[in-house]
Amino acid sequence: GPMFAQTTIAMSGLQTDPAAPIEVTSDTLSVSQSDQRAVFSSNVIITQGDLRISAETAEVSYDGASGQITELQLEGGVTLTTPTEAAESETAQYIIGTSHLTMMGNVLLTQGAMVVAGDTMLTDLRAGTAQMNGNVRSSFATGQ
Amino acid sequence: MARGGDAYSRFIALLTVILPLAALGLMAGLFLSSRTRAPDANTFENAAQIAADPHVGEPKVTGVAADGSTVSIVGEEVRQIANTPDEVQITRPFGDITLPSGVVLHVSAGNGLFNTTQQVADLSGLVWVESGAQWRVETSALTVDLANAIMETKGALEARSPFGRLTAGHMRATSTPVQPNGEGGLQVLFSDGVRLLYQPVPIEGTDE
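One line per chain: the protein sequences are A and B, in this order. The working numbering numbers the first residue of the first sequence as 3 and each following residue consecutively. The working numbering numbers the first residue of the second sequence as 25 and each following residue consecutively.
Read the hints as simulated data drawn from the structure, not as lab findings.
If you only want the chain B side, here are some residues facing chain A, beta carbon under 8 Å, derived:
no., residue
1, VAL202
2, GLN211
3, SER215
4, PRO226
Source: prediction; values computed, not measured. Glycine included, each C-beta is placed from N, C-alpha and C at the ideal position.
All chains, please: the whole structure from these sequences, using the hints.
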């Protein structure tokens with residue numbers, strides 16, 4: 003079938019309140035003073051409202067002066083779920099201030115019966131919109 | 025003074041308290057890396073000074089370790105532990121430890137048991153460690169191993185961090201001299217289940 007280079011998909015579920023507290027749990031967290039790195043490792047689960055993201059590691063970039071997390075870099079296989087959507091990718095980047103979540107590498111998104119695959123998915127968790135880019139293929143699960 | 029004279033035995037008794045305390049100055053090595061310790065480095069300058077000063081008001085120990093860490097520990101009361109000559113107990117130990125990299129750690133505890141030969145301090149009661157305004161760790165028991173520059177909790181802890189409030193089942197901090205390429209310095213590993221709670225401050229542009 004036709005390959006869509008870029009498809010913009012509007013989704014309602016993939017949304018979270020940007021002011022909702024973020025909880026990160028994991029087995030370990032290592033912090034190093036020399037390069038101000040903080041890395042959560044193994045069984046990392048990030049929740050914010052109804053949004054739940056799991057990954058193998060999550061590196062926190064933070065602004066020491068303001069005490070704010072600017073970004074979470076997730077690696078080792080990322081799974082995102084909301085009450086109505088599930089998405090998987092190899093890695094992801096969550097820019098907290100703007101609520102932009104980018105999933106990268108073999109992205110697979112399912113929403114109800116709809117399945118969309120692509121290279122990267124840019125999500126605005128505030129507006130609840132997502133854009134799948136690169137090698138986009140979509141299909142509908144049929145005949146359950 | 026005749027051997028066994030009162031003054032003499034009092035002096036010796038005092039010494040048994042002061043010398044371990046002076047050795048406590050070796051606590052300076054909290055962030056001392058054995059790799060860099062020069063065998064004959066003089067690790068404690070003012071030991072002689074304290075020993076000579078018979079009346080020690082508030083027991084205070086300062087010192088500079090071989091790798092440049094400096095420590096100053098104040099305590100309310102110092103007690104020699106009966107029949108364990110190398111153990112000294114200090115109530116309400118409170119002190120600063122300045123790492124070679126310049127980072128200053130403030131440490132406070134309800135009680136401190138210092139083993140001066142092993143250079144290990146077991147801090148208990150409410151123990152907290154603070155570094156700048158960004159980090160504060162609170163726990164109930166903390167071991168400070170000077171010879172290996174390791175600070176480790178016995179169990180669970182709570183922490184305020186530059187990126188939110190943390191709890192974990194265990195914390196282990198190690199320090200190595202900072203290399204020219206920037207490697208080294210303080211490494212902290214939180215384990216046995218870590219939980220961070222962070223309150224984001226979204227950038228405006230939310231069209232309420």
